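Q: Sequences are here, hints too, so could you generate the full structure?
Be aware that the first sequence starts at 1, since it is given in full-length UniProt numbering, and climbs by one per residue.
Hints should not be assumed to be uniformly reliable.
[Said to hold, decoys possible] Cut-off 16 angstroms, straight-line C-alpha distance, at most; resulting in silico cross-link-like pairs (EDC-like, lysine to aspartate or glutamate):
| hint | residue 1 | residue 2 |
| --- | --- | --- |
| 1 | Lys591 | Glu623 |
| 2 | Lys106 | Glu250 |
| 3 | Lys373 | Asp468 |
| 4 | Lys544 | Asp598 |
| 5 | Lys51 | Asp75 |
| 6 | Lys447 | Asp415 |
| 7 | Lys591 | Glu552 |
| 8 | Lys186 | Glu147 |
| 9 | Lys186 | Glu238 |
| 10 | Lys591 | Asp561 |
| 11 | Lys284 | Glu623 |
| 12 | Lys591 | Glu580 |
| 13 | Lys544 | Asp561 |
| 14 | Lys186 | Glu149 |
| 15 | Lys284 | Glu262 |
| 16 | Lys544 | Glu147 |
| 17 | Lys544 | Asp255 |
| 18 | Lys159 | Glu191 |
| 19 | Lys159 | Asp177 |
| 20 | Lys313 | Asp337 |
[Stated by the list, open to error] Pairwise CB distance ranges, derived in the manner of DEER restraints:
| hint | residue 1 | residue 2 | range |
| --- | --- | --- | --- |
| 21 | Asp338 | Phe622 | 57 to 63 angstroms |
| 22 | Tyr326 | Glu12 | 56 to 62 angstroms |
| 23 | Glu458 | His318 | 37 to 43 angstroms |
| 24 | Glu252 | His318 | 42 to 48 angstroms |
| 25 | Gly215 | Glu626 | 18 to 24 angstroms |
| 26 | Glu252 | Glu12 | 53 to 59 angstroms |
| 27 | Leu383 | Tyr326 | 17 to 23 angstroms |
By construction, these hints were calculated from the structure, which means they are not laboratory data.
Here the structure is a predicted model, which means the values were calculated and not measured.
Each residue gets a CB set at the ideal place from its N, CA and C atoms; glycine is no exception.
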Amino acid sequence: MSESEPESGSQERIAVVLPDGSKLEVDADATVEDCAYEIGPGLGSDTVAGKLDGDLVAKEQPVYDGAELEIVTDDGGEEYLRVMRHSASHCLAQAVERLFDDDEVKLAIGPPTDEGFYYDFDNLDVDEDDLAEIETEIEAIVEADYEIEREAVSIDEAKERLEDEPYKLELLAEFADENEQVTFYKQGEWEDLCAGPHVDSTGEIGAVELLEIAGAYWRGDEKNEMQTRIYGTAFAEESDLEDFLERKREAEKRDHRRIGNEMNLFSIQDVTGPGLPLYHPPGKTVLKELEDFVEDLNQDADYDYVETPHVFKTDLWHRSGHYENYADDMFIFDVGDDEFGLKPMNCPGHAAIFQDQSWSYRDLPIRYAENGKVYRKEQRGELSGLSRVWSFTIDDGHLFIRPDQIRSEVEQIMDMITDVLETFDLEYEMALATRPEKSVGSDEIWKKAEDQLRSVLEDREHDYEIEDGDGAFYGPKIDFAFEDAIGRSWDGPTVQLDFNMPERFDLSYVGEDNEEHRPVMIHRALYGSYERFFMMLIEHYEGKFPFWLAPEQLRVLPISDENLGYAYEIAGEFEQFRVEVDDRDSTLERKIRAAHDDRVPYQIIVGDNEEDDGNISVRDRFEDQEYDVEIDEFKRHLEAERDERRTEPDFLQD
RNA sequence: GCCUGGGUAGCUUAGAGGUAAAGCGCGUCCUUGGUAAGGACGAGAGCCCGGGUUCAAAUCCCGGCCUAGGCUCCA
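A: As structure tokens, this is what we get:
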């Protein structure tokens, strides 16, 4: 309710801009609904709400001159769904107040969300078992088809109506500063302070499902009291709700914790501690391939590998500034008279290596790489599978360069990053984060660095965003965001310039002029962290890894025990790959099913026919098959598929 | 950290004061199979940990640990 009041007392005409760019001239006091009728009576009667300059508003809302207006109708579109879900959240609150003591229960807020809606209550004691009953009550409210009436009320009257609702009063007090009136929405015996918009009647709400109960702080602030939040979702049609629930089940099926367990990739155990993953042989096999890939890229780009310990005296963290800025997230402990800390980042260690000798401008750039395990003490509630852990490994790289080398080094790193992302078929976006208010380094070097980053980005085909003031305090950076197979966005790869660490470590090199100069540091990671990237890959591929990554690449299935000898012979032929023989006593059908369930990219089937002809049958995970395949031909194909890191088993897919 | 669920066999789960279940997997045997589950038998469980209530606790109560989802997309 922060609209600018229309100019009053005149017959002025104003104009709003419609989605097609045309202008519609209306009376100065026209509402969204009036505009819709102006366009056409059909549209007018279908109007549910409006969008003014992108904000969803009630159809009774007055428009203002120059506003971009969009009419929301009950066309089942995204905006309509939002409106309907908002109404559904009111039905939830109404149902709760009917079923529970409404003198006790206090209403907070109940907005729609991207996936549904929620309503927050204080003093409400419910558990999952109560949801069915509440849902039944909501259905009764929908069935009753109450008209949803909007009413404008003075602040004073609103105060009276809300005298038993402390949270509503708190909100009202804020609105009172800017508005003379507020609006209520009423349905049946129930009403709520609400800006809307809502559908015309509760009967318009299609299928509703309550999803879960969670705690939420009033206004999201952990200093405030914890309230009870009930999440739900609503759709126009029952079938849409079914699709939604089906999609949720799909996402669960891809869950890396589930697949990681099934495929024996990793475990996080009670005895070993929270957020501290253990990698099992199949999981480490995948990680090893990922490491080798980066190692190849690093070697091509002239990086030198270094290694640093997991724990350092806190003297180092004082010098690097982590002790002042990062101590809350660090594991710090005393040993004898000294204080130590697990490393939360690898850069100070690398800076200490660089600092240990003197350098000429001719030596630069110096590029250090390390798969460095770091430890960050995240809040317990934030830990989750491999995506948020206490210990993780960064494919870290730190470069010590001359200022004139920034451009070429950044370019090289960006080539490496795009190489990585394209290898996994990941779509990505880039963003340039510029100087924040609090920062170190001279204006001159910031400007130069930002210009150089910008010009590198300009030279690429890809679009990029500018995130103004979002850079690190020590330098500007380019971040990559990529999207997985089910459309979720992840951060990971990054290139960061750093003018701070060289200062703190007093790093220097001798220039052509025989004077000491300060090098610039670049921090870069191609994956980000192995944990996060691994997790994303598991879900991205649903555990069906590309051939080069698959823990088990080939499985030989003998048709009967008579063919076991030949099966082992064939496995020997493919020993350069990760190959197993299914020597269990069971039928071919079972063996195929097991290989499929284990997500093995290729099955080699051998029976009497193959043994007699000295060839094999090949079956892939798409259940395509080919008989009479020559061993060498398949071997050559697999070598190429592996070496080119192709994402799908394509021997049978040409 | 806080809120709401959950922790039972290697895995997925059922059981809710009175002898601990099922499917998958595993072992032995029968079977020797031709493209997504052949059959029989069997082994396998400190029911997360510690206290309490009770004649009796996996189950109820209290505390802890771990885990899942939440924790301002502003009425």
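Q: Against each hint, give a clear statement of whether it holds in the structure.
A: Checked hints:
no. : hint                                   : result
1   : Lys591 with Glu623                     : 13 angstroms, holds
2   : Lys106 with Glu250                     : 36 angstroms, violated
3   : Lys373 with Asp468                     : 31 angstroms, violated
4   : Lys544 with Asp598                     : 9 angstroms, holds
5   : Lys51 with Asp75                       : 15 angstroms, holds
6   : Lys447 with Asp415                     : 23 angstroms, violated
7   : Lys591 with Glu552                     : 15 angstroms, holds
8   : Lys186 with Glu147                     : 8 angstroms, holds
9   : Lys186 with Glu238                     : 26 angstroms, violated
10  : Lys591 with Asp561                     : 13 angstroms, holds
11  : Lys284 with Glu623                     : 27 angstroms, violated
12  : Lys591 with Glu580                     : 12 angstroms, holds
13  : Lys544 with Asp561                     : 29 angstroms, violated
14  : Lys186 with Glu149                     : 5 angstroms, holds
15  : Lys284 with Glu262                     : 15 angstroms, holds
16  : Lys544 with Glu147                     : 52 angstroms, violated
17  : Lys544 with Asp255                     : 13 angstroms, holds
18  : Lys159 with Glu191                     : 14 angstroms, holds
19  : Lys159 with Asp177                     : 14 angstroms, holds
20  : Lys313 with Asp337                     : 11 angstroms, holds
21  : Asp338 with Phe622: 57 to 63 angstroms : 59 angstroms, holds
22  : Tyr326 with Glu12: 56 to 62 angstroms  : 59 angstroms, holds
23  : Glu458 with His318: 37 to 43 angstroms : 40 angstroms, holds
24  : Glu252 with His318: 42 to 48 angstroms : 46 angstroms, holds
25  : Gly215 with Glu626: 18 to 24 angstroms : 56 angstroms, violated
26  : Glu252 with Glu12: 53 to 59 angstroms  : 57 angstroms, holds
27  : Leu383 with Tyr326: 17 to 23 angstroms : 18 angstroms, holds
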